[in-house]
Amino acid sequence: MLAKRIIPCLDCDLGVAHGRVVKGVRFKQIRYAGIPWELAEEYDRQGADELIFLDITASHERRETMAKVIEKTSENVFMPLTVGGGIRELADARTAFNSGADKVSVNTAALKNPDLINDIAKYFGNQACVLAIDAKRRYGREPGREMVDTPDGECWFECSFYGGREFTGIDAIQWAIEAEERGAGDIMLTSMDRDGTKDGFDIELTKAISDSVNIPVIASGGCGNPEHILEVLRDTNASAALAASIFHFGEYTVGEVKECLRDGGVHVRM
Amino acid sequence: MIAIIDYGMGNLRSIHNALDKVGGNPVIISDSKSLSDADADAVVIPGVGSFGDAMHNLTPFSDRLFDLVDSGTPLLGICIGMQVLFDRSEESDAAGFGLIKGDVIRLPDGVKIPQMGWNELTIHRDNLDSDMLAGVNDGDFFYFVHSYYCVPEDKRVIAATTDYGVDMAAVVEKDNIHAVQFHPEKSSKKGLLILKNFVEMIKC
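Order-wise, the sequence lines are chains C and E. Just so we're aligned, residue 1 is where the first sequence starts under my numbering, counting upward by one. Just so we're aligned, residue 271 is where the second sequence starts under my numbering, counting upward by one.
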């Protein structure tokens, strides 16, 4: 039986030599966490199922730095590696794959040019294309929106881009369905309302998207403890959960999270 | 020297690094002449792309590949590199190498396709005692990414299966031919163990 995946996310600031992993709170304040490939090796030892490296500096000059980070990581870490942040065109994806990445995640570039999803899927396979969605709740009924009931009232979910700095007016559920049709292999779904809060995942958002598509959804944003991961993997159709700070700062190991999941009846790789 | 066949469809860094890590001596071979010139102790067909594209790009290598297999050189096929060893696939009209009798068919309805993630093996030691699976146990997880799966005619070549909507062949071995549906180079410690076992086989 296929296991639910636990994916530590390494937000990388590549503006310094060799890069470093940092963690933002609500997409803004930054804390320093460590050297990317050293953290990656530690997560491998702890039993992580996959790793995501996000370039939060995201400028063209730093593309080569990320390539070095992935090259270095792939010498010693043998699990699927995803690179995101700053993948603007097919050439950026190719650079990432050549450095040892298995998947790239796209957000802003795909919203501006949806054909990028088709192109990545065509040249590198569906499994290589992760669509990242940063979604924010918008309360109140609007025509043409996919409305979702929540304890706080009816809302729809709006996609943002440019690292959460701008909003698109695009409905996240509709965008997820379109991305699947275009060939995305995974959806990495971040709740902007929860990101950095440690209040737990947005269950209604994760449920709505994972019930709307037939590709795996990676739940992200708001993880503060192992019980939050148990909740989202038990109560929604998400295939994986992503977390950053609870792992980076040594609050919990991946192994501890998986023990909590196993005890809660979720099938995981121990 | 282990020849990794580069058929031009994606990154081979992971399999190269993994074989290097376990003491193999991997060399990426990008054209048929290099494969003919190389004194390969083993050949790896890595797993990237679709069946039709893979067969199209592998065809120039086929004469030399058949020679190597006939002479007993160990061959390891990974993912699509496993599937091309069979007769045919529902994914394409292209014929496979036919080194193992059987078909490649699409995963059943009712499961998310592709299967992507870590799944468990059930080892079938009653079929064959696999040196490649030495130290691998029932319930060990490996990383799969695929939409089609292999159905060998002779079930006795199945060394291990996995369950994803259907119980399917995950490891197939016949004489010097070895094939895995998952990606050992992406399966952490247990994946490296399988590659190490393969490398040890060559040294014997």
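Hint data in this document are derived by calculation from the structure and do not stem from the laboratory. Errors might be hidden in some of the hints.
Unchecked claim - Using 27 Å as the maximum straight-line C-alpha spacing, the simulated DSSO-like pairs for lysine-lysine come out as follows:
#1 E:K291 - C:K72
#2 C:K72 - E:K382
#3 C:K68 - E:K459
#4 E:K291 - C:K68
#5 E:K382 - C:K122
#6 E:K425 - E:K291
#7 E:K425 - C:K207
#8 E:K425 - E:K460
#9 E:K466 - C:K72
#10 E:K291 - E:K466
All of these numbers come straight from a predicted model, not from anything done at the bench.
Status of the hints after comparison with the structure:
{"no.": "1", "hint": "E:K291 - C:K72", "in the structure": "holds (13 Å)"}
{"no.": "2", "hint": "C:K72 - E:K382", "in the structure": "violated (33 Å)"}
{"no.": "3", "hint": "C:K68 - E:K459", "in the structure": "holds (23 Å)"}
{"no.": "4", "hint": "E:K291 - C:K68", "in the structure": "holds (19 Å)"}
{"no.": "5", "hint": "E:K382 - C:K122", "in the structure": "holds (19 Å)"}
{"no.": "6", "hint": "E:K425 - E:K291", "in the structure": "violated (33 Å)"}
{"no.": "7", "hint": "E:K425 - C:K207", "in the structure": "violated (41 Å)"}
{"no.": "8", "hint": "E:K425 - E:K460", "in the structure": "holds (24 Å)"}
{"no.": "9", "hint": "E:K466 - C:K72", "in the structure": "holds (21 Å)"}
{"no.": "10", "hint": "E:K291 - E:K466", "in the structure": "holds (9 Å)"}
Comparing the model with each earlier hint shows violations of hints 2, 6 and 7; every other hint is respected.
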